[in-house]
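Two chains, two separate frames, one set of hints: put the complex together.
Each protein sequence line maps, in turn, to chains P and D.
Per my numbering, residue 1 is the first one in the first sequence, and the count goes up by one each step.
Per my numbering, residue 1 is the first one in the second sequence, and the count goes up by one each step.
Heads up, a few of these hints could be off.
To be verified - Which residues of chain P face chain D? A partial, calculated answer using Cβ under 10 Å:
hint: 1; residue: F98
hint: 2; residue: K104
hint: 3; residue: P157
hint: 4; residue: T278
hint: 5; residue: M304
It should be emphasised that the hints constitute simulated quantities derived from the structure, not laboratory data.
Here the structure is a predicted model, which means the values were calculated and not measured.
Glycine included, each C-beta is placed from N, C-alpha and C at the ideal position.
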Amino acid sequence: MRYAETGFNLEVDLTRGNIERVATDPRDTELYLGGLGTNAKILWDRVPPEVDAFSPENLLIFGAGLLCGTPATGCNRTIVSTISPLTRLMAFSMMGGFWAPELKYAGYDKVILRGKSPDLVYLWINNDKVEIRDASHLQGKGAIETAELIKHELEEPRAQVAAIGLAGENRVYFASIEQGRSSASRGGIGAVMGDKGVKAIVVRGTTDINIAQPLEYIELCNEVMEYIKFRNENPIKWVEPVLSVLGSPQEMAIHDEKWHTTNFVWGNARTRRKDFWTEDVATKWMETLDSMRTRLISCYNCPMQCGATISVPGLPTYMMKCFSKLTYTMAAFSDLEFGLRIAQRATEYGLDGFSTPQVMAFALELLENGILTDKDFPEMPEDNEGRFYYLLDKIVNREGVGDILANGTYWAAKEIGKSAEAYAHNNIKKQEQLPLKLSMMNPIYFLMYCTGEKISITQIEGQFPQGPFPKREQREEFVKDWFQVPDEKFKQYFLDWELRGENSIPYYPTVEMCCDIVDWQERMHYIDDALGMCAGLSSFPMKPPYHIHNFPKFISSGAGIEMDEEKLTKAAKRYRTLVRAINIRRGMRKKDEKPPEDHWKHRFPDLEKDLLDTYYKYKGWNDEGIPTKESLNELGLDYVYEDFVKRGISMDSEDASSNDASAEKEKE
Amino acid sequence: MTGEKKKKTIKTIKINIDKCHGCRACEVICSAFHASPKYSSNNPARSRIRILRDPLRDIYVPVYAGEYTVAECAGRDKYIIDGKEYDECAFCRASCPSREEFKEPDSGLPLKCDMCEDEEEPLCVKWCPADALVYEEREEEVEEEVEQGELEIGLEVLVDKYGMQKLTNAIGRMSGKD
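Next up, chain D with everything else stripped away, as it sits in the complex (with noise of 0.2 Å):
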């Protein structure tokens, strides 16, 4: 299926950190969403928006999650702009083994941002009140490939972890028990 070129809706939230005043609105209404049943409960530990927030450094970044990654990346630069000095961590969306962003606090499994599905917006922009996440749309040409579903992400991370011969075993006792 790789390798055909496809034109493709491309959702992206922009963020102006210099608007975020560091609320977390966008980590409340995204747990809140997400929850199952919707809106149940409330826990900005499973939000797929995080604002890295330092306010003596003037710092605050809010960023979505996006995907999963196996390994950490050799990226440890810091990175100094308008006079704050950044790590380069702060602006990465990955879910990665070099730290807790964008995981279930239980289950350690990856997050990552849907655009809260149907919703005409996500709803992070929405609850945004400062204005510094605005959604946008584009068209885009790219190579189709399959994307992986959330369970497949979630079953990827059981499978690093556990190795499939466990994941295998543990799932056949588990439909026996049925």
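So here's chain P without its partners, still in its complex pose (with noise of 0.2 Å):
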């Protein structure tokens, strides 16, 4: 018997219109865990480089995390794996919710879709009977309002949805798929759900999900929610609101939008406003939110209450999460009732809430600049609002400038021309990143920008403080009860790390300690990402409930795979390392791996050269970013090696880049 897993996959070819239930290798759940991490396996095995986002030899997997569907706490994450239209490398989009739980209890562990539908097509699970309907009546609706009808139509108000909006059918590189409260919203996976005619994926499951030792998992289930309770009632102290609690960020619960609304920048990530949040503001945003909040809204099985339902005067509601709350309004130097009634817009047509906005203040920048042109916006209303409806539209529809907006700013600086390319400043690896314009350079940060491969910082952040605490007694009492520390060293780290002066930003945490920092918090994420754990309570916030001590307890009590920190820790740096492999393999080097340019006034140069080069040292990369022989030995990746032998890419130090097999190469 599979243990936490069903032990089954479902794969889907598009093109013949067959499906399958296929029995997976445990032995692959030992070494990739669930998730992510065979998500990855698959992709490496099935999808060589010469395949591009929209080819229909391209897959898109959909992957509920080893734990979903068991009673562990806020474990509920779709792991979404394809290669993305828009940065031409694997894209792993997660998203909570309620499908991935809904999955297992039908049977399966992953869906996975190849080929293309010839007609726009949906895909009802129910339990053991799997078919492919038509959805040519649901063409051109919104993701919500898809979902809403497909449960009417099943006379089943159980089932879970997940769908995309029209961006999605018209392969906007930024489109995402939504589910209930939740989304999969980065790398534009929805673009290649759309190029598969696959409107929709709708679960229905009624089936056991079983666990190895009852007992011994309960127990740890109780722990963590004991622990989320005091948690909840002792807040951290000395950080934002937003960083001190559990949970993805409570931006649908707070009021008090100073820390983002004054140190986050406005329009096309360029302006900061840092007297914005005055009395009145608060108080007029507060009103916006009293009225238009319904309730704050939880995923499966989870205590806590990321999300909200909104009802804005006139429109139908809609459910938000998390950031998007504001990224409209500040793209489009607005007000919070705007980006509310902005959203429910984009939410239906299916848009990733931290790439749309910025596109479009990118486009009216260009429009100011003289490099776009009156004639490129026939009919743009003038007043501000109305003029970010109008291109939300036209990107949506891929009418005009907006077929080329819809690229995303990357490519469409590109297609443009006339010196366009300065205006997408905020993108890393051709994603738009979250708009911030800072002051001094952070050489934490500056390496998760640089070297994360979900090329989206908020999903690699996390457990260390963003900053120094300015008092010796406040450090010392935060590192009083941080148990989750992997090792008693970040204790001293974070101990000595000072606001000014010798031990202090860019010099202090030394470029050793960083590497040992970053490399703890993206080593949560991963494990998150494929157990299908919520990062809101485990690799984001400080001291979170789950973390590397009681991880290997739940995998091996819950999953029986036997597990300890060491274990679970080489499993993690091993699909981590396949990921990188999987974009190397499609030429990803070291030239892309930069912070936004206008992110940081002061940069280090020396600095930043010294950083990313020991931290390469460190993951066992080449000075190119290439894992080296050695540590794909080690981690059992031989299979890697040996591609990487086949296709000229060295992994040695020198010459590494000489022989890129890059899929950006051959599209430009």
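Have a look at this one:
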């Protein structure tokens, strides 16, 4: 018997209309865990670098995390992996909600889509009955609207629906997949779903998920619940309110947005408004949120309430999560009411709430600077908010200039030319980032921005405080109950971290310490993404209930796989390296590992070089960021080594970039 | 035995639908607790509490399983409470022929809340992070009657479905095999 996982994947060939239930190899689970880990293995095995995002050969994998469907609190994430049309690299966007546990109860760990359906379809998975159904009547419908229509049509209100909107259908490079109160937004995976002709995947399951050692497992779950209660009653002191509690940042609950609105930048990631947050603004925004937020809501089996139902007068109700509350507002220099209003339409379209507003602000910046002209925006309204609605519709429908903008700032700037590339300044690896413009370069964040292959900073950070606490007594109090550290040395790193002087940013934490910290933070995220754990209870906040010391016990007693910290660390390193190998094979190199150009005012070229070089060595990569022969062998990734050799990718330090099988090159 | 008045502790769960945020942790722990052996599997479809959930209409109704009824009732009315429309069935705790709620997904046998037997309080209450479920005990004078056990309820359903004779024959055949 398989525990925690079902041991079966659903393979769907959309070209032929063929559906198969395929048993999986338990040895793969032991080596790569589930979710992201085994998704990466499948992509490596079956999607060679010559395959581009919109090829029928590209796979779109919906993987439930290994522990999804068990009673582990907050474990509900679906990890969607494919080749991204935006970055041309591996995308592995995650969503919470209710879909992954439902898939497990239906009897599957993953849904693997290949080929392309000639007509728009949806997939209906009802335990062992699986069918491809016509979706022509859903063409152009909103993502939430689609879910409601399908549940009604199937007379199955308990079905869980992951759907795309018009943006996905029209292959907008930053289209999302929406599910319940969540979405998988980054990397344009909704465009791949649309390209495959799939409007939605609908799941209903009523079978059992088994636990290897039930009493041990439930005891761990109870401990986590207790700890969550404790943390909710004891927020972390001396940090911003948004960082002091568990869950994803409590954007739906909090009214005070001084920190975001005065520290993050507005427009096309340009303008900081240090004096924005006044008493009048605070009052108005509080009234807006209170009048439109119907209820705070949760994902499956989670005590946090990180999302909300939002009812804007005159518009259908929708569900919002996290920072999309502010992204449209800030890109348009508008107010919260506008942000909540436009997000309703954008959510139905199925769009990434980070990239979309940035792309629209980028277009207007090009207009203001004469690179685009009024002719490019026929009949565009003059008012600010109206222009954003206009651009949103143009992008999603790929009309006129919207067709170019729908490819994101990197590709749009290339196509527009005339120095437009200087305005696409907030990218990493071709994807828009959080709009920040700070004074001093932060070495920890520098490494995370450059080397993180989620290509989204918010999904890499966590565990270690973002900055030093002013007083030593505060730091001493903080480390007292910091049992989540994998090693005591992290406490000392933090104790000695000062706001000013020798032990301050950018030269402290030292390069070696930064490597340790970034590696720890990244490790926890990768573990979450294999287990299906929400980062909000694990890798994202400080002092979380899940950590490196209890995760092995969850895996041992839940999935029946013998596990300890060392073995888990090695497994996470194995599939993290495999993700990198996929991208290396697709041409990613050191030249791509740069933070957004305009991100920090003060830069330190020598330190940055030292950081990157040292971190590469620390991770077992060569000077170009390619995993070395030794590190691949140590992780049991000999097949990666052999493939690299066959393709002429050098794993030695010299001339590593001489023979790139770069998908980007081919595309350009 | 019926007709005599006796003091009895009535166990109930008070439900506050304004507090529910729809996470379904109550379904998770209920199905795990009632697995055999305890906690060995998880399947909310076996849970004895269900959240009837429709986020876009802001409807969250946790309901725990009550008695099994042979016949469906005539009630199909709609109730409008605080501007939201509910089906009459939404609030009903019965396992009845007209709906899927509170039935084992594989056998179709009815499920009934047992307040988690010897636990201090029902585990759905313990696991409800929003305190939407509150356990209450109260003393009431009731007419004493023999309470049906799970086995008896299950047998009654089988009798309804197949008839007493068929069931007796089947049990006879099964006994003969030993």
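Closer than 10 Å between Cβ atoms is the bar; does P157 (chain P) clear it against chain D? Give me holds or violated. Holds: closest Cβ of chain D sits about 7 Å from P157 (chain P), inside 10 Å.
Satisfaction of the K104 (chain P) interface hint, Cβ to chain D closer than 10 Å: Nearest chain D Cβ about 9 Å off; hint holds.
Does M304 (chain P) hold up as a contact with chain D if the rule is Cβ-Cβ below 10 Å? 8 Å, holds
Verify the interface restraint on F98 (chain P): the C-beta must sit less than 10 Å from at least one C-beta of chain D. Holds. Min distance 8 Å.
Is the shortest C-beta separation between T278 (chain P) and chain D less than 10 Å? Given a least distance of 32 Å, the restraint on T278 (chain P) is violated.
In summary, the one numbered hint that this structure violates is 4.
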